[in-house]
Amino acid sequence: MSVGRIALNLKAVGLIVGMSIMWYALSVAQADDRPSDIARGAAIAAQGVAPGAPACAQCHAYSGASDGSGAFPRIAGQPDYYLAKQLRDYASGVRTNAVMTPIAKALSSEDAADVAAYYANVNAPFLPLKNAKPMLVKRGEQLAKVGDAAKDLQSCNNCHGPGGAGEPPAIPYLGGQYARYTAFQLTMWKRGFRKNSPDSMADIAKRLDDQEIAAVAAYFQQVNASALAATHPKE
Amino acid sequence: MAERLKPVDVVTIGVGLTGSLMALELAKTGLKVVGIERGAPRFTVPDFQSPAIHDELRFSVRKGMMQDNVKEAVTFRNSSDETALPIRRWGSFLPGTGLGGSFVHWNGQSFRFQAADFIYKTHIEQRYGKKILDPELTIQDWGVTYDELEPHFDRFEYLCGVSGKAGNIKGAIQPGGNPFEAPRAREYPTPPMKEPYFGALFRKGAASLGYHPYPQPSANLSQPYVNPEGLALQSCVFCGFCERYACEHFAKASPQTVILPALLKNPNYELRTNCQVLRINLDNTRKKATGVTYADATGREFEQPADLVLITAFPLNNVRLLLLSGIGKPYDPKTGEGVVGRNYCYQTTGGATVFMDESINVNPFMASGANGTMIDDFGGDNFDHGPHGFIGGQYVGAIMTGGRPIEFHPTPPGTPNWGLKWKQAVARHYNHTVLLQQHGTSTASRLNYLDLDPTYKDAWGLPLLRMTFDFPENDIRMSQYIADKVVEIGRAMGGKAVIRGGTKRPYTTTVYQSTHNAGGAAMGDDPRTSVVNRYLQCWDVPNVFSVGASAFPQNGAYNYSVTIGALTYWALDAIKNRYLKAPGPLVRI
Amino acid sequence: MVEISRRTVLKAASLVGVAALPQSRTAAAPKTAGTQPVAYLFLNSEEAAFVEAAVSRLIPDDDQWPGALKAGVPGYIDKQLAGAWGAGERLYRSGPWRPGTPSQGYQLPFTPAELFRTSLAALNKELAHATPFARMSSEQQDAYLTHLEKGGKDLGGVPSDVFFTHLWECTLEGFFSDPVYGGNRDMVAWRMIGFPGAYASYYDVVDRHGIKINRAPTSIGEDPHGGIHINPGIPAREP
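Chains as they are written, first to last, in my numbering: chain A, 1 to 235; chain B, 236 to 824; chain C, 825 to 1063.
Mixed in with the good hints, there may be bad ones.
[Claimed, not checked] In silico BS3-like cross-links for lysine-lysine, where the CA-CA straight-line distance does not exceed 27 Å: (1) K1036/C x K739/B; (2) K366/B x K974/C; (3) K564/B x K656/B; (4) K500/B x K356/B; (5) K739/B x K569/B; (6) K739/B x K206/A; (7) K133/A x K206/A; (8) K569/B x K365/B; (9) K811/B x K241/B; (10) K241/B x K974/C; (11) K151/A x K811/B; (12) K949/C x K656/B; (13) K400/B x K195/A; (14) K731/B x K977/C.
Simulated from the structure, these hints should not be mistaken for lab results.
Please read all numbers here as calculations on a predicted model, not as lab measurements.
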């Protein structure tokens, strides 16, 4: 249903000339050369794959925005290469999670590529969330944009892009990700439980104390809303 | 009237690689050390962060990190019968400035010189006889051997965390490394970097011709590393903005990442930036330095007395300071006498352009400064020069360091210089072209030297350094011979069109080639042909050491930063263990 | 409801020219548009007419990709000439002035701003008697530029090949530099060649040999919504 919507929007803007809908899927030429099938991915997101893989939408929502609790990450608009890699890493055990591991194992590599392509191509709105204390957000902004000289810590945006918007294909966006999830992942790296990034994430996370982790997470959760407000001040 | 400051034990003129390393080790011994840097302070956070640092116009084209020609340039001529004119905008070489010097924005290419390089004259004459040398060549031995330097090479590589694969450990050739390298005691501190596509293409082509490809040793690290000073580096992310740029990720070895945080914590050290050293002061005997005179950022002059003066200012500035201060006898090309400014050398570079099939996405923008794949089969004296009538050699490799488009937009021969067809050729070939590099020895010649310019001055009213240089014919023959070999490799790589490189005369300052200026204050065993002894101590003024590539009697084939680091540790060893206990000449004639 | 943000569209639309970019409901209006007039600070109207026409021939439009004019190169050149570089930043400017050998490089007293002003005045004056450059046919313009490129013509003290070299290098810079400097509008030159721009981290993909990177390029001046903030006053100083 929504896939048709996407196609309609595209045609409405007269954008795509002679191109398929498969943007992100083509952003990285996979070794198997099979183009990802967004429509099929949408169906997997809505209904899951029997047996063993419940609908992604149950936790992540069909729009990829999850719910506001932050227990499940927002995945809408993450690069498909990154999403597919996380699924591969869950399946192989490089990354572990009690919920995601059996799901990832139940998906074939085509399933994973398709559902990654689907979620890469939706862009759900950002939910209205209560923001953290301004001081915390400010500290997070400093770490995100400037870093910390005393800790020899470069700014997050060096790799994650302006406003944490991500750097496809391999580096996910942080902007708009739920603070609770971001903080949880940084803690997992810090404690050595998450290992599926280039070694730099563990190194970086270890330099952050819990307050700084909370600050960075709080900043990124609200960065898109604040940036939008800055360029579109409400009359 | 210069204000006289309280005396200190040691002054370093310049706080780049050699200045910061010297200071670190001497401050640890309890000496009071002052580092005087003409440029500004700068640190990874906040000065080197993305996105601002990834600006090709500002840093590559406008040379944003380099010495400002307005204040201080160099004059240049190809030969003594021309009039030298100022290099009004940098081109061929880019002197650094500022805290950390050019070691902030180098490429991280981390080779050791060959064993034969240090006994070059003896080695060449023994192997080929004097007759192979063109009459103007003035090659010399260094006065130190590779074996003496090996522990210092090791120490420097471990300071930086260099990523590589050993080719020769204590005489045993190791698979995957460079079989021609001089023997080392142990492996590199970190493993080689990931190999980009251009390197893999070169590897296949070179191996198919029987050569020995190996991964370029890199100071842009392949993995996180903590050095012996307790300073941590991170892995390089192949951002493609390496040479002329500072690293935002703490992944490139630089004074900022591997030395300064430890040095600046030491209470024995004081850093003074934006201070221009004008001269080294000597006493009445002219055999002892009393300190230096410098102008601070407001132009006020100060005299800083010191027991030990270390000239650590980059080769060209080292020589200039010796000349401005009257230390050592200036070289006279007419008589061949004198030593300061003698044996000025550069680097003989060039390379082929290989246009590949358009199905091959080279992606040159995914690159580090030192992630090349190369061969040493033509380096130094690694092949028999007997039939060829020249000495010296070059390493050859695919060493792309980025795909920054203002400077990199190759088009095949026959493409117009501009216009529609040019534009279409650029779009067509940008991502399907590999650059191959030839990088080699620069042989010392009595015709090439440095002295002070009679006409042009710097912003403080002092004479500019004058450079008289052209590539010796020997080096041209060497480069042209190897250029043919490089074309063969380009074809073996599958190149659809291979454009031959090779160096030609005259040397021009208008096209970037290398910033490996060397010589002018050569080290050696004989005061008649060297400025410093084998410990980099000035023969004429024993409490002045001139540290850096100015000490090279001629330049080897390789990028020289690691060799400079090794020499620095070697000199430090002599200073700490002998000089400080009994100040005076370390070598008696 | 599913919306397509401008950034998502931009990431895909690597082959779409500037004019076709859509407006999304949630994104900020594009900061750069092909139809915005340039406010010249340095170039007078005659000089601007020459520069606009010349860069249009140096890097022309074609049916695939815009050229230097649409990419904003004249505005880039203008701001550089009006700024520190034009005034002679980083140029050793003491005499005596002597002609040198080719190896000795640029030896004229002119700053870039003076060089352009002098050259443009001389050639505009000459052409005023014939056909102004902007009114020549494309073939005539190409021939004239080639004539300047060859040298042997004096433009008020500037050898024409020296002027041409400056003009060409400024055009290249304006075409390929970060759009924060006013050229390379909407990163069209980078899209044309496939250069990803300012942000760059490729650890995961550098050894995936031959991979095709189709993501939209990024600029130093880009905000999280894909708008690019131009700051033409950035000088080339040390950090």
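Evaluation of the provided hints:
no.: 1; hint: K1036/C x K739/B; in the structure: violated, 37 Å
no.: 2; hint: K366/B x K974/C; in the structure: violated, 45 Å
no.: 3; hint: K564/B x K656/B; in the structure: violated, 57 Å
no.: 4; hint: K500/B x K356/B; in the structure: violated, 44 Å
no.: 5; hint: K739/B x K569/B; in the structure: holds, 26 Å
no.: 6; hint: K739/B x K206/A; in the structure: violated, 53 Å
no.: 7; hint: K133/A x K206/A; in the structure: holds, 24 Å
no.: 8; hint: K569/B x K365/B; in the structure: holds, 23 Å
no.: 9; hint: K811/B x K241/B; in the structure: holds, 23 Å
no.: 10; hint: K241/B x K974/C; in the structure: violated, 62 Å
no.: 11; hint: K151/A x K811/B; in the structure: violated, 32 Å
no.: 12; hint: K949/C x K656/B; in the structure: violated, 31 Å
no.: 13; hint: K400/B x K195/A; in the structure: holds, 25 Å
no.: 14; hint: K731/B x K977/C; in the structure: violated, 39 Å
Hints 1, 2, 3, 4, 6, 10, 11, 12 and 14 from the earlier list are contradicted by this structure; the remaining hints agree with it.
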